[in-house]
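Enquirer: Since the structure of chain A is provided, determine the placement of chain B on it from the hints.
These are the residues of each chain, in order.
2 protein chains.
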Amino acid sequence: MHRILLHTIVIDFPPDVHDAALGFWSAALDANAVQGTRFPEYHHLSDAVSLGRVLVQRLGEGTSRVHLDIESDDCAAEVARLTALGATTVERHGEWTVLEDPSGLRFCVVPAEAEDFAERSRVVG
Amino acid sequence: MHRILLHTIVIDFPPDVHDAALGFWSAALDANAVQGTRFPEYHHLSDAVSLGRVLVQRLGEGTSRVHLDIESDDCAAEVARLTALGATTVERHGEWTVLEDPSGLRFCVVPAEAEDFAERSRVVG
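Keeping their order, the protein sequence lines are chains A and B. Per numbering that gives the first Met the number 0, residue 0 is the first one in the first sequence, and the count goes up by one each step. Per numbering that gives the first Met the number 0, residue 0 is the first one in the second sequence, and the count goes up by one each step.
Just chain A, with the same shape it has in the complex (with noise of 0.2 Å):
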């Protein structure tokens, strides 16, 4: 038994456009971008106007796309799970790891670190 949530929107997008659709995005939700340390190539959206968190993923390639991570406290249980249900496991970087839903939507599993995942999370398996 472990638990999830639905935490976090990433809006991906090449290098050719990120600046431009991160500048964009950041105005939509009203938002400041800060770019991560540990991982430049994100920005979250700082107190954007979503009921969930926002990420801004800058790509090595690829097309503008939006994908959704799990946060999970047993990431390995949770893709279990889920590789159970259907998807198929793509790729893994330690605890992250990429995965496709039946029709090859990619999708990731994240370990858990929002705030309120206590709160707003819920035990499945």
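Simulated from the structure, these hints should not be mistaken for lab results. All C-beta atoms in this analysis are idealised placements derived from N, C-alpha and C, irrespective of residue type, glycine included. Each hint should be verified, as a subset may be incorrect.
Unchecked claim - Simulated restraints on C-beta separations:
no. : chain 1 : residue 1 : chain 2 : residue 2 : range
1   : B       : Thr-87    : A       : Glu-60    : 17 to 27 Å
2   : A       : Gly-61    : B       : Glu-114   : 32 to 42 Å
3   : B       : Pro-14    : A       : Thr-87    : 13 to 23 Å
As the list claims (entries may be wrong) - Covered stretches of chain B, as calculated for chain A (at least 3 residues, CB under 8 Å):
no. : stretch
4   : 40–50
5   : 83–93
6   : 101–115
Unchecked claim - Among the chain B residues that face chain A by a calculated CB cut under 7 Å, a handful are:
no. : residue
7   : Leu-4
8   : Ala-26
9   : Leu-28
Expert: Positioned in the frame of chain A, the structure of chain B alone reads:
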């Protein structure tokens, strides 16, 4: 002056994968899929373990993707604000407008209907 809130995540699927993907995301987010009556191409993932509302849409064609809905109490003013920030209007369906950000990423502006809109939204513009 009007209010906005990034409230809803919409996961879009083409017809051939819609049913499998709807089943997957309902189970993944421990939710009940409730089909819309006015717009039966949408299912609301009721009681999803998510900070925001999650909808699944059956597309007529295209590829799997996630798009974001910004709610507003004045959609025309919000579309005008976002257009001034660099967005482009793609389609209008009454008060519901499809836009593209400066990178071509599609999102929507829709009328406010969240129960907590007054509490969680913010004045912009």
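Enquirer: Hint compliance check: list the failing hint numbers for this structure, sorted ascending.
Expert: none
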